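Trainee: This is what each chain is made of:
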Amino acid sequence: MIVGIGETRYTKRGLQADRGEWALACEATVKACRNAGIDPRRIEGLASFSGDTSLPWLMQHALGIQRLRFASMVWGGGGSGSCGALAHAVAAVESAQADTVLVFRSIVQRTGSRYGSAGGFSEVPQIDLLAPFGMLTPASMFAPMAMRYMHEHGIRHEHFAELALTFRDNAQRNPRAVTHGRPLSLEQYMASRMIAEPFRLYDCCQESDGACAIVVTTAERARDLPCKPVQVLSAQQGGDAGWGAGGMGTHTMPAAEYGAGNGHQLARDLYADAGITVEDLDFAQIYDHFSPLVLMALENFGICGSGEAGDFVASGQIRLGGAMPLNTSGGLLSEAYIHGLNLVAEAVRQLRGESTSQVTDAKVGLVTAGIGSTPTSAAVLAI
Amino acid sequence: MTTTSPLPALDLGEPVLPKHEEFWRHCARRELRFQRCGQCGTWQHPPAPICPSCSSPECDWEPAPPNGELFSYTIVHHAPTPLLKLSVPYNIAIVSFKGLGDVRLVSQVVGVAPDALQIGMPLHLVWREQSRGRWLPYFEPGDAHG
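Sequences listed follow chains E and B, in order.
For the first sequence, numbering that gives the first Met the number 0 gives the first residue as 0, with consecutive numbering after it.
For the second sequence, numbering that gives the first Met the number 0 gives the first residue as 0, with consecutive numbering after it.
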């Protein structure tokens, strides 16, 4: 059960550098605990991903944790592990390794470590096979996947634009969003500069400072808390065969999945474990580091058939009131880039009926993590 | 339109994975070779300590065919480092080879304008000295023999 969510202010990168990641992690944690009605000292486990710098001993020290019984770090840069960290927290709680586990991610981007530049991205072990040819950033690593996807399915820039515009529109209702108050038009989108074809500026997620925290506990404990608990029907990690050297490696994943992303097996396992079908989903929060990869995820997770995601988004189905509202907080493109943990927080708000872009009668929602590397992860939450 | 030429060498340190050093040693002799399992014949790239099909550690380094195909690509417009500011826009090519399955090489197509690139176009291997003694495998449009 998820019983609490907490977030710091989300800002453009670098604006909270004076506070640092640890302070932001603590602020989000205290807010999440207050939201749940739990004393931070009662947290028994810590789960994070992407090499978060707020190490377990720092967190125990600051939060005054009395009984630290579980600590987990999900491998991988970026946000492939957002729901993986949630999965570890749930596993710890269900196996009685810890009563209450905190999932958190805190990001402050310092000068010289931007995601869009070389040097801020040295964690790819196969980088020596990529860098001499100028493949140095996530944008240029994932762009060839999107080019192949466009080639295979006749996808156009207008389809990508619909994602960027929808999420920006959702962000206009969300005061937490970094782009709140800055609407985006199709003309602006189309006129924006190319980063790495086919990604334009507005297809690439923001770089943000901020922290997000989620409190997971047992159903028994949740019953005694004043909050509205949200069920984790399933949270899993998964990676298709052959993705060990995928988008963030030498691009040697299976040809059939090259322009489709890494999530087919995960989606099947996830829905089976959650005991749902895709028809049960009322909304989805899809990891949107680059808008074309959202289309791939829609197909991976069965919301659209293969090659159909372009037409699906063009028909308005992902907007509020459509068949599958997406990224209702604005997502990573328009709310903030907290490596996707903010997508989990938004799913919780939707199920509690607290979203600024509330889906009527939302009962079941999907959250996904980055699908460009392996393993990725996803979760199904329900009320 | 500018055409892509080899990028200036960036100091990114030495390969961290030992098997990669073997790949680059062949390149230094202007030989593009991929690992092929000595037990079951499976080709693989990037290099790895064992075969993903049969777990055998025995592998040979066999020459890649001289002709390939443009499997996918991107044109980079935003320089990822100030050292590449004068090089943008440049292409990055994902090159596949007939008979080698999902073995692909990240490289560049040199001497072409960005709008001349098309997925599926035939390419052939050429070598360029990126910096002194460092030969890299690049590609040009068309087959090697005619």
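These aren't lab readings, by the way, just hints derived from the structure by calculation.
None of these values were measured; they are calculated from a predicted model.
Some hints here could point you the wrong way.
[To be verified] Pairs of lysine to any residue, SDA-like flavour, derived with a Cα cap of 25 Å:
| hint | chain 1 | residue 1 | chain 2 | residue 2 |
| --- | --- | --- | --- | --- |
| 1 | B | LYS84 | E | PRO55 |
| 2 | B | LYS18 | E | MET189 |
| 3 | E | LYS11 | B | LYS18 |
| 4 | B | LYS84 | E | ALA190 |
| 5 | B | LYS84 | E | ALA240 |
| 6 | B | LYS84 | E | ARG267 |
| 7 | B | LYS97 | E | MET189 |
| 8 | B | LYS84 | E | GLY243 |
| 9 | B | LYS18 | E | GLY243 |
[What the hints assert, rightly or not] Residues from chain E shown here face chain B by an in silico Cβ test under 7 Å; the list is partial:
| hint | residue |
| --- | --- |
| 10 | LEU135 |
| 11 | ALA142 |
| 12 | HIS150 |
| 13 | GLY153 |
| 14 | GLU157 |
We put the beta carbon where it would ideally sit given N, CA and C, even for glycine.
Trainee: Does each hint hold? Answer for all of them.
Mentor: Comparing the hints with the structure gives:
1. With a C-alpha separation of about 41 Å, the suggested pairing of B:LYS84 with E:PRO55 is violated against the 25 Å cut-off.
2. In summary, the hint linking B:LYS18 to E:MET189 is not supported, as the alpha carbons are separated by about 44 Å, beyond the 25 Å threshold.
3. Distance restraint check for E:LYS11 and B:LYS18: the Cα-Cα separation of roughly 40 Å exceeds the 25 Å cut-off, and the hinted pair is therefore not satisfied.
4. Of the supplied pair hints, the one linking B:LYS84 and E:ALA190 holds, its CA atoms being roughly 21 Å apart against a limit of 25 Å.
5. With a CA separation close to 37 Å, the supplied pair B:LYS84 and E:ALA240 exceeds the 25 Å bound.
6. A threshold of 25 Å between alpha carbons decides the hint, and for B:LYS84 with E:ARG267 the separation of about 44 Å lies outside it, so the pair is violated.
7. The hinted pair formed by B:LYS97 and E:MET189 fails the criterion: a straight-line CA distance of about 37 Å is larger than 25 Å.
8. A hinted pair counts as satisfied when its Cα atoms are at most 25 Å apart, and B:LYS84 with E:GLY243 does not qualify at roughly 31 Å.
9. Proposed proximity of B:LYS18 and E:GLY243 is supported: the alpha carbons are some 16 Å apart, at most 25 Å.
10. Restraint check, E:LEU135 versus chain B: the minimum CB separation of about 4 Å is within 7 Å; hint holds.
11. Given hint, E:ALA142 at the interface with chain B, holds; its Cβ is 4 Å from that chain's nearest Cβ, closer than 7 Å.
12. Checking E:HIS150 against chain B: minimum C-beta separation of about 5 Å stays under 7 Å; hint holds.
13. The beta carbon of E:GLY153 comes no nearer than 13 Å to any beta carbon in chain B, farther than 7 Å, and the hint placing it at the interface is violated.
14. Contact between E:GLU157 and chain B, as hinted, is not supported at the beta carbon level, the nearest pair being about 19 Å apart and thus beyond 7 Å.
Comparing the model with each numbered hint stated earlier shows that hints 1, 2, 3, 5, 6, 7, 8, 13 and 14 do not hold.
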